[in-house]
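Engineer: Residue strings, one per chain:
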Amino acid sequence: MNLTLRIWRQTGPEDKGRMVTYQVEDVSPDMSFLEMLDVLNERLTLAGEEPVAFDHDCREGICGMCGMMINGNAHGPQRGTTACQLHMRQFADGDTIDIEPWRARAFPVVKDLVVNRNAFDQIIAGGGFVTAPTGSAPEAHAAPVAKADADAAFESAACIGCGACVAACPNGSGMLFTAAKVTQLSLLPQGQPERYTRVIGMVDSHDDAGFGGCTNAGECTVVCPKGIPLHTIGRLNRDYLAATAKHTGRS
Amino acid sequence: MDLYTEGNPVTDTRAPDGPIEGRWDSRRFAAKLVNPANRRKLTVIVVGTGLAGGSAAATLAEQGYRVRSYCYQDSPRRAHSIAAQGGINAAKNYRNDGDSVHRLFYDTVKGGDFRSRESNVHRLAEVSVNIIDQCVAQGVPFAREYGGLLDTRSFGGAQVQRTFYARGQTGQQLLLGAYQALERQVGLGNVEMNTRHEMLELIVVDGRARGIVVRDLVTGEITTEFADAVVLASGGYGNVFYLSTNAKGCNVTATWRAHRQGAYFANPCYTQIHPTCIPVSGDHQSKLTLMSESLRNDGRVWVPKTEGDDRDPREIPEDERDYYLERIYPSFGNLVPRDIASRAAKNVCDEGRGVGPTRLGVYLDFADAIQRLGRKSIEAKYGNLFEMYERITGEDPYEVPMRIYPAVHYTMGGLWVDYDLQATIPGLFVIGEANFSDHGANRLGASALMQGLADGYFVLPNTIANYLAAGPFDKLESSHPAAVDARRTVEDRINRLLSVNGDRTVDSFHRELGQIMWEYCGMERSAAGLRKAVDEIRALREEFWQRVRIVGDADGLNQSLEKAGRVADFFELAELMCIDALHREESCGGHFRAEHQSPDGEAQRDDERFAYVAAWEYGTEQPVLHKEDLKFEYVHPTQRSYK
Numbered sequence: 001m002n003l004t005l006r007i008w009r010q011t012g013p014e015d016k017g018r019m020v021t022y023q024v025e026d027v028s029p030d031m032s033f034l035e036m037l038d039v040l041n042e043r044l045t046l047a048g049e050e051p052v053a054f055d056h057d058c059r060e061g062i063c064g065m066c067g068m069m070i071n072g073n074a075h076g077p078q079r080g081t082t083a084c085q086l087h088m089r090q091f092a093d094g095d096t097i098d099i100e101p102w103r104a105r106a107f108p109v110v111k112d113l114v115v116n117r118n119a120f121d122q123i124i125a126g127g128g129f130v131t132a133p134t135g136s137a138p139e140a141h142a143a144p145v146a147k148a149d150a151d152a153a154f155e156s157a158a159c160i161g162c163g164a165c166v167a168a169c170p171n172g173s174g175m176l177f178t179a180a181k182v183t184q185l186s187l188l189p190q191g192q193p194e195r196y197t198r199v200i201g202m203v204d205s206h207d208d209a210g211f212g213g214c215t216n217a218g219e220c221t222v223v224c225p226k227g228i229p230l231h232t233i234g235r236l237n238r239d240y241l242a243a244t245a246k247h248t249g250r251s
Numbered sequence: 001m002d003l004y005t006e007g008n009p010v011t012d013t014r015a016p017d018g019p020i021e022g023r024w025d026s027r028r029f030a031a032k033l034v035n036p037a038n039r040r041k042l043t044v045i046v047v048g049t050g051l052a053g054g055s056a057a058a059t060l061a062e063q064g065y066r067v068r069s070y071c072y073q074d075s076p077r078r079a080h081s082i083a084a085q086g087g088i089n090a091a092k093n094y095r096n097d098g099d100s101v102h103r104l105f106y107d108t109v110k111g112g113d114f115r116s117r118e119s120n121v122h123r124l125a126e127v128s129v130n131i132i133d134q135c136v137a138q139g140v141p142f143a144r145e146y147g148g149l150l151d152t153r154s155f156g157g158a159q160v161q162r163t164f165y166a167r168g169q170t171g172q173q174l175l176l177g178a179y180q181a182l183e184r185q186v187g188l189g190n191v192e193m194n195t196r197h198e199m200l201e202l203i204v205v206d207g208r209a210r211g212i213v214v215r216d217l218v219t220g221e222i223t224t225e226f227a228d229a230v231v232l233a234s235g236g237y238g239n240v241f242y243l244s245t246n247a248k249g250c251n252v253t254a255t256w257r258a259h260r261q262g263a264y265f266a267n268p269c270y271t272q273i274h275p276t277c278i279p280v281s282g283d284h285q286s287k288l289t290l291m292s293e294s295l296r297n298d299g300r301v302w303v304p305k306t307e308g309d310d311r312d313p314r315e316i317p318e319d320e321r322d323y324y325l326e327r328i329y330p331s332f333g334n335l336v337p338r339d340i341a342s343r344a345a346k347n348v349c350d351e352g353r354g355v356g357p358t359r360l361g362v363y364l365d366f367a368d369a370i371q372r373l374g375r376k377s378i379e380a381k382y383g384n385l386f387e388m389y390e391r392i393t394g395e396d397p398y399e400v401p402m403r404i405y406p407a408v409h410y411t412m413g414g415l416w417v418d419y420d421l422q423a424t425i426p427g428l429f430v431i432g433e434a435n436f437s438d439h440g441a442n443r444l445g446a447s448a449l450m451q452g453l454a455d456g457y458f459v460l461p462n463t464i465a466n467y468l469a470a471g472p473f474d475k476l477e478s479s480h481p482a483a484v485d486a487r488r489t490v491e492d493r494i495n496r497l498l499s500v501n502g503d504r505t506v507d508s509f510h511r512e513l514g515q516i517m518w519e520y521c522g523m524e525r526s527a528a529g530l531r532k533a534v535d536e537i538r539a540l541r542e543e544f545w546q547r548v549r550i551v552g553d554a555d556g557l558n559q560s561l562e563k564a565g566r567v568a569d570f571f572e573l574a575e576l577m578c579i580d581a582l583h584r585e586e587s588c589g590g591h592f593r594a595e596h597q598s599p600d601g602e603a604q605r606d607d608e609r610f611a612y613v614a615a616w617e618y619g620t621e622q623p624v625l626h627k628e629d630l631k632f633e634y635v636h637p638t639q640r641s642y643k
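Residue numbers (the working numbering), protein chains in the order written: chain B, 1 to 251; chain F, 1 to 643.
So here's chain B without its partners, still in its complex pose (with noise of 0.2 Å):
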């Protein structure tokens, strides 16, 4: 099939930035979305022109880096799918297709649809994780854990930090990320420990990267590739209230 690509070119995070249109021609079905993207490239290299930059390392939607606009949709119009997951079956011959990077203040441009989300590690640095120094760990069956709970903790911990959540969200909020971990490890009792200052360190971390608030607005869950569920930001509120009037120098 053929298709018109307008494309989001911008050199350097000085450049202001603009959509270019493409024409490309021969696209099979069964390629990936970013396959097609590699066909653009290699014609436009070979005709002098730099190929369009765009993060992508697994090709298969778990390592989260890639992640782009496509019409509007964060990894684009298939649910529960990443960008690389994206096959060209699910567009039509003579379509025309934006492609623009994430936008949120918490990750600037670094080069067309090339984002800085160092923003989701320093969450992770604020608390997202359980001080276990290595070798100090008790025998692995000490804690049972409840099925279900361990089954819902996994369902939070499939997070894989695309940033879709953030790019789709009105306010710029990393709430959904954040409340992926907080779940995850709230959920298990090795997590129980740090449970509320991991909370308080996260969510500060966030608002220091310069996400927005969250105002539930529910565009995250709604992109997100691996299905997080939104209440898991009603969990994180929970926590949050609870460690709050735990420490109670703070508002």
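Hints are supplied without guarantee of correctness; some may be wrong.
Among the chain F residues that face chain B by a calculated CB cut under 10 Å, a handful are [to be verified]:
id, residue
1, 8
2, 11
3, 13
4, 17
5, 137
6, 193
7, 222
8, 552
To be clear, the hints were calculated from the coordinates, so they are not data collected in a lab.
Glycine included, each C-beta is placed from N, C-alpha and C at the ideal position.
Please build the complex by placing chain F on the supplied structure of chain B, with the hints as guidance.
Structural biologist: Chain F only, in chain B's frame:
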């Protein structure tokens, strides 16, 4: 042979003597220690943030060393360990099904087709149990039984259920555990994390590894970084085949640059072709996707009995199907090791019984399992894999059997290391897939995660102290002649790549290199084919340096330039792989030479001549082979039988 020369054998691997159960203890006791106050004065560079690098960086920082960590991705959490699906082995024997440290050791040595070191493998089996404890303590959400205890499943090459898992995303969960431990150390200021930085050269001063040259991929700035020791955890080199299950960015540059500086490269021809991947769909294909080996617990592999049978698989009656793995290997059935399952798939396709549009595919059928266990149960076990399959192929595997075909997945070869995981350059340590150490000629499923975490959490942090005890070493400046030289090498190379300004893209060369490797150095190799490959690789490399085209400059993010540097190193590695494969005139594990097979088509080893590790030293004219003899005191080499 005319393609290499032979040097002195490697005689000292630093493994202690004595009964195998006590060797790791005695090594740890004999190793020098660094007291906590002195650790603060010592800096360690760790390249790569996967299971091995991430766990090592976190653990070293916890111990009090100053750590500087580097990865090419935008976050340490993206390292390709994240994509590992099936599970991690450990000799916990929670199933009471006869497992033990000794059995895991035995299975791994046998699975590696008797081409690995007994001492190393035994240590791996010993620490496997600590890994599970560690990961559970970090909050890794492993699959559990209704009683709240950990669940396990079977994997290839074993008759016990020792594989722990987190749905089909075990690597992701284990990596996030290590990543979180690492980020905790970043937050505490003990680790300096450098994302989007690529190591392009190793700095060796007075015979010791003392630093690296890195390029900031965003600004293009090239800097020299120093430390008291350098740890490479940069993964494997499967992308030399272009199409593999590796992430697009996986590359050999860090280890290959170290090799050029003097580190030996061991067993480069040992590559793992994984039997269950989604078949190639066309020329546009940029990578291949694995369907976890765990699927072979419940899926049955088959092809039609007759050539060219084009019927819908659901319409082919039971007695016209050939469940060839169950037929040929009745005792292991669909769970034979990867090398054997892959070759069997190739054989039935060569006979013309392959399925799908390209006829390079076999069925992996869940109909029986769905009938026996119900769709819900299959969904709970493999849901994400089935979904991935459906996204890629547009077919629903709950209804139609999956089509699978072997693809390059893992590389057992890597930089040579001794028992301490130290390379032939003092101060250079290599861990995880980047080294050659534990899997011999074939890695068993669920053993890569085990080895990466064993190296990073438990082995390296003990053995590196023995080296660092002699430090801190002299402080170095970027004006040191060795640093200036290394930096100039990097700059010259980049300038050379940019100045070619030819008429072919980097990917077109990479694809062509991959085709040569797959054809002649893939699932089946022959002397004539490998010689042809060496010639073709040399010619293509020459052409690359004359015709490659990279648009843009080196002063900022330039993904074509990054790729070009990696492909240039793949060319050199590819040649060494073919030479290694050519010199090893036997079949073992993933290395199958057409000339060396048993009457029934199984790999035929030649223990008399080839029971050694081939450690290659870089030479400007020709590589130099150093042999390290393998001794088997506990597991007697036999012809592997899974029948």
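Engineer: Hints numbered earlier in the text: which of these fail when held up against the supplied structure?
Structural biologist: 1, 2, 3, 4 and 7
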